[in-house]
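2 protein chains.
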Amino acid sequence: MNRSTDMPTVNRRDLLGASVIGLGAGLAGMGAGALIERETSAPPAAGPDTAGLNGSRLEPFHGRHQAGVETSPQTHGLFLSLSLRPETDRSGVTRLLRLLTEDAARLTQGRAPLADPEPELAEDPARLTITFGFGRDLVARAGRRHVPDWLAPLPQFGIDRLRPELCRGDLLLQVCSDDPTTVAHAARMLLKDAEAFTRPAWQKAGFRRAYGSDPAGTTARNLFGQVDGTSNPAAGSADFARLVWGETGSGQQFGPRGAPPTDLATDYPDWLVGGTSLVLRDIAMNLDTWDEVDRPGREFSVGRSLSTGAPLTGEHEFDIPDLSATTEAGLKVISPVSHVARSRNVDEPAEQIHRRVYNYHSIPITGEVSEGGMMFASYQASIHRQFLPIQRRLDEADLLNAWTSPIGSTVWAIPPGCDAGDYIGSRLLEA
Amino acid sequence: MNRSTDMPTVNRRDLLGASVIGLGAGLAGMGAGALIERETSAPPAAGPDTAGLNGSRLEPFHGRHQAGVETSPQTHGLFLSLSLRPETDRSGVTRLLRLLTEDAARLTQGRAPLADPEPELAEDPARLTITFGFGRDLVARAGRRHVPDWLAPLPQFGIDRLRPELCRGDLLLQVCSDDPTTVAHAARMLLKDAEAFTRPAWQKAGFRRAYGSDPAGTTARNLFGQVDGTSNPAAGSADFARLVWGETGSGQQFGPRGAPPTDLATDYPDWLVGGTSLVLRDIAMNLDTWDEVDRPGREFSVGRSLSTGAPLTGEHEFDIPDLSATTEAGLKVISPVSHVARSRNVDEPAEQIHRRVYNYHSIPITGEVSEGGMMFASYQASIHRQFLPIQRRLDEADLLNAWTSPIGSTVWAIPPGCDAGDYIGSRLLEA
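Sequences listed follow chains A and B, in order.
In this text, residue positions in the first sequence follow our numbering: the first is 1, and each later residue adds one.
In this text, residue positions in the second sequence follow our numbering: the first is 432, and each later residue adds one.
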């Protein structure tokens, strides 16, 4: 299922309008019936024409894959990590996931959950997605004896400056929307229903360029000013499916050069087929010392032009970096220790990840360093074959390491999506 | 000067395009010349067509009034309070305000400050405004022996739960834009230039509905779900000018009924004419206990319908509340202790303020109470005649007080705007 922004999106109020007409004229059989199932008790007020407004745009909730991965990134992203309470057993996890799935299915379609005390705040989904991630302990709590080996903390890296309180959690809720009010309201509703079963472990809110600021398809910049995300696989492409969604046999095109083809999606239990893995790194960025570096020094460190994002051997953002090109003096144009050179493996096309990054920034009241950084969300079929080789190279040498420090790190299994009436995680819990 | 959204706005890239053409063809005399004055060293890259994008929309910086007051509220608002360093004298304050004015004049027009290390992040102003507020100590530091008596902490109210660290600061920078990346970048640039003269006292970031979520002109809701801001004077109206901008003689229409007319803008020194006053209250909202109240209980407390914002005696949001209407049982339809009843004084039309509210919300890791609330920004010509009578009544009785607590409170003089080449506060410093 393709959830990229190139897909036509559906206008919630159009649908609700259709369902109201359907009800009034007894035409519910025309297809609008499912939409009014369990409709909120507060019907939308007749208001001004909102057709075409971004606030009314919907991302589908149901489907083979969860939304919020292939979805073109929304402006705001909240990462909410929850720890299961000690008393939450397998039955509790089931009830929790049923509740949260119902909330998410409604909220993402612009409908308030039944117990929502502020249903009007649910009226502008603005492409809201709510994506569930499972940690190792949730899978164990669900009664599974086999937990995938990759669903565990990453190996310790030399660059890590991890804070234990940012590395916890059993259930991740990734809440993304183009509207910050929608994110706040959705997070609160989810948290209320999760409260009996979980406690918040940590939360981090981030942002990208606003809807309407840049032309659609513009690659976003991080707070270093870097164009960040150029080498992502294109949403909806066959590459995306192979690299991100863990379908059995999906990765066979990606054998190392000369070696027999292998499957990227190894150690995918049945309950995870159609899902993916998420490595979520909270990376502090020292904007103050970065500011001391001049523009050529920055471009040397990144290996790309800051203004266009083009590799230093190219002219345009999407030009392929030529890591062998040399200057007249015989030096590499793109330094072998630049970020671009270290993150690429030209011999292994499978070593590619799907980044979905959110920036954060606050101004500390004491001290000289801005609290800036990014929530680096990396989706890939295989952590072992895709994420880790890249991360190991960057850990060994990457000029950007001088200004960045991972302070939080978690790994999540992103289960597949579900159909209407089903819930996220049902295959895990009903084996 | 009318800065409401009804005004045509200017597209930055259109202007830059025009100025580039002007340069190339020697046509700078056609009016584009001023726009390229001190242009950033990093000209905008030739990119896709961005005409009409919200990211390119500009609010004027120069003019009789500062932007960010009458301006239709942008999605994101950052309130940044700075304390002058002990060694910052009158000459230091002058240099500080010159620097920050130059930064603000550029950033709001989509041009990076000269020393901006990430000039690309300045490319989408998205209606950026940067509004300066002066505290009592800054006026004294500027060498003024007379400081307006209202430029001081508010009287202590019974409802206050003030935290001293949220009540400090000598210079306020209110940074508002429809794009969160723009706010973060602008704040950082301002803070860098302010660093030699000031230290951050506190900061608070808030949000409203996103650009594009609701039809233009929709009154925003706060996190209680209330339609909030209905009784604001209309931007661009004569009422707005009389109630908000402190022009000598501006308030003479607003004498109490039967009393001789008086001037709202009393105790406005020469350097403040054309400005206004800002009361900024950080109001914590207990969303958890508010959630325990049913809908009729909430509407009784507010005095308005939650779904439409209409007063309980009316049908539409802008209907005038009828505070004398009674039910068949002889009870008031709008409770005399409801928020609406307590905040209105039908005998004193001058008792009206201009609210420009930003919500905030975070999920605490421990404890049961969401950290939700609002930055309540109230602009008015006279704190004594407009803000305080309303606040005193609400302090005495307002059902909403059960769920709200002011935790921060500051008062600011908002000086007038300035023309190109001048700086904000020049009349204060060059007497």
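I should point out that these hints are in silico values taken from the structure, not numbers from a laboratory.
Being a predicted model, the structure only gives us computed values, none of them experimental.
Just so it is clear, CB atoms sit at the ideal spot from N, CA and C, and this is done for glycine as well.
A couple of the hints might just be wrong.
Said to hold, decoys possible - In silico DSSO-like links for lysine-lysine, alpha-carbon gap of 27 Å or less: (1) A:LYS192 <-> B:LYS623; (2) B:LYS623 <-> B:LYS635; (3) B:LYS763 <-> A:LYS204.
Said to hold, decoys possible - Only part of the chain B face toward chain A is listed, based on derived beta-carbon distances under 7 Å: (4) ALA546; (5) GLU549; (6) ALA557; (7) HIS577; (8) ALA615; (9) PHE638; (10) ALA641; (11) ASP645; (12) GLY656; (13) ASP722; (14) VAL788; (15) ILE796; (16) ASP850; (17) ALA851; (18) GLY852; (19) ASP853.
Here is how each hint holds up against the structure:
1. A:LYS192 <-> B:LYS623: violated, 40 Å
2. B:LYS623 <-> B:LYS635: holds, 18 Å
3. B:LYS763 <-> A:LYS204: Violated - the C-alpha atoms of A:LYS204 and B:LYS763 are around 46 Å apart, more than 27 Å.
4. ALA546: violated, 9 Å
5. GLU549: OK, holds: B:GLU549 within 7 Å of chain A, min 3 Å.
6. ALA557: With a minimum Cβ separation of about 5 Å from chain A (threshold 7 Å), the hint on B:ALA557 holds.
7. HIS577: violated, 31 Å
8. ALA615: holds, 4 Å
9. PHE638: Cβ of B:PHE638 sits 4 Å from chain A, so the hint holds.
10. ALA641: At 4 Å from the nearest chain A Cβ, B:ALA641 passes the 7 Å test, so the hint holds.
11. ASP645: holds, 6 Å
12. GLY656: Result: holds, 3 Å to nearest chain A Cβ.
13. ASP722: Holds. Min distance 5 Å.
14. VAL788: Hint on B:VAL788: violated, closest Cβ of chain A at ~12 Å, above 7 Å.
15. ILE796: holds, 5 Å
16. ASP850: B:ASP850 check fails; min Cβ-Cβ to chain A is 29 Å, beyond 7 Å.
17. ALA851: violated, 26 Å
18. GLY852: violated, 28 Å
19. ASP853: violated, 28 Å
Violated hints, listed in ascending order, are 1, 3, 4, 7, 14, 16, 17, 18, 19; each of the other numbered hints is respected by the structure.
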